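Asks: Sequence:
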Amino acid sequence: MSVSIKDLDENAYRNLKAEAIRHRMKVSDAATEAFRLWIASKRQTRQRDKERMRAAADNMDKLRRSSKVEWSGVEEIRKWRDERKR
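Residue numbers (numbering that gives the first Met the number 0): 0 to 85.
Among these hints, one or two may not hold up.
[Unchecked claim] Pairs of lysine-lysine, DSSO-like flavour, derived with a Cα cap of 27 angstroms:
id, residue 1, residue 2
1, Lys5, Lys41
2, Lys67, Lys78
3, Lys16, Lys49
4, Lys41, Lys61
5, Lys25, Lys5
6, Lys5, Lys16
7, Lys41, Lys25
8, Lys49, Lys61
[As the list claims (entries may be wrong)] Ranges of calculated distance between the beta carbons of each label pair, as one might list FRET restraints:
id, residue 1, residue 2, range
9, Met52, Ser27, 18 to 24 angstroms
10, Ser65, Arg13, 42 to 48 angstroms
11, Asp81, Arg47, 28 to 34 angstroms
Calculated from the structure, these hints are not laboratory results.
Predicted, not measured: the structure shown is a model, and the values here were computed from it.
By construction, the Cβ of each residue, glycine as well, lies at the ideal position given by its N, Cα and C atoms.
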């Protein structure tokens with residue numbers, strides 16, 4: 000597939016090309032690998048964030064169930080915001 004990329008950072012392209020040459024690769028192969036690695040890193044970050052969010056929600060649910068007082072998340076957030084403004 001042929002692709003034209005506009006507004007590409009010249010330094011980034013030169014570095015990619017230099018590394019491709021050092022590894023005896025075509026620039027297109029190096030760019031394809033760079034694209035794949037970038038996408039994989041973004042997907043991995045999203046997945047980790049989902050897991051952390053799910054674990055945090057589970058922890059909050061456990062705390063709410065074990066609490067003997069009525070608790071309001073909205074009120075807590077308002078308190079935190081007020082404290083940050085000081």
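Asks: If a hint holds in the structure, say so; if it doesn't, say that too.
Replies: Hints, one by one, checked against the model:
{"no.": "1", "hint": "Lys5 with Lys41", "in the structure": "holds (22 angstroms)"}
{"no.": "2", "hint": "Lys67 with Lys78", "in the structure": "holds (20 angstroms)"}
{"no.": "3", "hint": "Lys16 with Lys49", "in the structure": "violated (36 angstroms)"}
{"no.": "4", "hint": "Lys41 with Lys61", "in the structure": "violated (31 angstroms)"}
{"no.": "5", "hint": "Lys25 with Lys5", "in the structure": "holds (20 angstroms)"}
{"no.": "6", "hint": "Lys5 with Lys16", "in the structure": "holds (17 angstroms)"}
{"no.": "7", "hint": "Lys41 with Lys25", "in the structure": "holds (25 angstroms)"}
{"no.": "8", "hint": "Lys49 with Lys61", "in the structure": "holds (18 angstroms)"}
{"no.": "9", "hint": "Met52 with Ser27: 18 to 24 angstroms", "in the structure": "violated (38 angstroms)"}
{"no.": "10", "hint": "Ser65 with Arg13: 42 to 48 angstroms", "in the structure": "violated (59 angstroms)"}
{"no.": "11", "hint": "Asp81 with Arg47: 28 to 34 angstroms", "in the structure": "holds (32 angstroms)"}
Going through the hint list in order, the structure does not satisfy hints 3, 4, 9, 10.
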